[in-house]
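Chemist: What follows is the residue order along each chain.
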Amino acid sequence: MERVIFHVDANSAFLSWTAAYRVKILGEKEDLREIPSVVAGDKASRHSIILAKSVPAKKFGIQTGEPLFQALEKCPHLKVVPPDYHLYVQASRHFVALLRTFSPVVEQYSIDEAWVDMTGTQRLFGPPRTAAEILRRRVWEELGFTVNVGVSSNKLLSKIAGDFEKPDRVHTLFPEEIPEKFWPLEVRKLFLVGSATERKLQRIGIRTIGDLAAADPRLLRRHLGKPGETLWHFANGRGAESLTPVAPENKGYGNSVTTPRDVTTREEAHRVLLSLCETVAMRLRRDGKNGRCVAVHLRTADFGHFSHQAQMESATNGTQALYRAACQVFDEVWDTFTPLRQLGVQVTRLSDEPYQQFDLFSGLSPAQQEKRLRLDETIDALRDRYGEDIIRRAQFTGDAAGHMAGGLSRERRTGVTKPVPQEISI
Amino acid sequence: MASAVCPVDVICLCSADGTLRPLRLQLEDGQHNLRRVDIQEIVSVKPVQYVGIEAQIFLCRAFREGREQLFELRYLIRSHAWQLLRWIG
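Top to bottom, those sequences are chains W and Z. In terms of this note's numbering, the first sequence is numbered consecutively and its last residue is 1006. In terms of this note's numbering, the second sequence is numbered consecutively and its last residue is 181.
These are computed hints drawn from the structure, not numbers from a lab. What you are looking at is a predicted structure, and each value in this text was computed from that prediction instead of being measured. Keep in mind that a hint or two might mislead.
[Claimed, not checked] Straight-line distance between alpha carbons at most 30 angstroms, and here's what the computed BS3-like set of lysine-lysine pairs gives:
(1) W:Lys831 - W:Lys638
(2) W:Lys604 - W:Lys746
(3) Z:Lys138 - W:Lys654
(4) W:Lys604 - Z:Lys138
(5) W:Lys769 - W:Lys639
[As the list claims (entries may be wrong)] Residues from chain Z that keep clear of chain W, each with C-beta distances beyond 10 angstroms, as calculated:
(6) Gln123
(7) Leu126
(8) Gly158
Cβ coordinates follow ideal geometry from the N, Cα and C atoms, glycine included.
Using the sequences and the accompanying hints, generate a full structural model.
Modeler: What follows is the structure, given as structure tokens:
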């Protein structure tokens, strides 16, 4: 039986979810999707970037990921709305729940896109294209936003088909359609080809996906290494065939933060590291993991990047132990004068062991180390129940933000960047 | 931004089996006077979930301004808020 895979992608997800909420729930008459508008963070913040844009905003040359101030230069009357991550998580959960009514095998790729294995559903929903149209219409009618559906026989081709023409479209890209629909495309349209890879491919005369498909894989391997061969398979329409409905486990836990102003002193940097360790360690403990390797990532004010890592004596998820290791790594890598705009902490080499090997040379007795573990657990329980601000370390007293820094702003710590595990049945 | 949706106060019956039945609503008219409307009949109830916001839309019948009228009320499950969507006629 031929496989049928759908790739379903919400169009301008954050913007259309916000727009649908404002129109359908709040009853506003102005639809953000019909005017130049963007979803972006706080204008005053240094890291405010465009998270999503409307089709009219795109006509002004505004791109996702560009700084907000730059977008406002292109379109001064641009409507800027803040993100609402709780809404996005709700929308995403219901979106995936609706997909599960079509097939039990759904692999969520991100908050706004997923693959659905529709193999063997022809008697239920008709031929693939008809089923895709039904799905597209149901999402619009029941959830109030538009999606693109890419239909093919594997994940790779269905994703590429889903990106063809937007919004609110169904496209097919079966293997027999590859020469006509796939090969004429520019090579940067291929999955995993970014600007750097595109430049490398152009240097060896490869401009379209068809050029790449016809190239000698040994040549590609020589210029791009092993990924070159993978791209050659992709260009020939060979990608991941089956879906993995359960998200793979994290290989590491990390958070980073762009500070409101450049960090110039060691004490200040250690404070930021502590606030990062608070969130990273809490996530480790929540998932019952211990980590043995601590890495610190630094981005300088002129956007240079450094990172350094060290192994600890034993795997841990204690905030204090991680903080001590992170400070040690930081002190080894920082030159003490380069201003830093972003700091990150990552913990890898994870283990699931329910016990921890106490460090004989930490200067703490086993009883004291045990006490620290219990303290961490108690703090986690308090924060879970009463919010993050219920308890903070004394050195953060008077600090309005900052005692729990992380890659996700406070309102985003909702599972928004990962497939949402909680299931909803509809 | 002008809104077509009007938040309203509602007195409702919460049954033991979890069903809701709006009985009376209170809304402001154009002159900022409070008006009460007794709901005569719930014609239909439809669950909706626009953008993941779970809600129930009640099509109701009531006497208003001397005549029988149909209108739609929406109950937002998460925020426990009632909204008057529209008078149908």
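Chemist: When the hints from earlier in the document are held up against this structure, which numbers fail?
Modeler: Violated: hints 1, 3.
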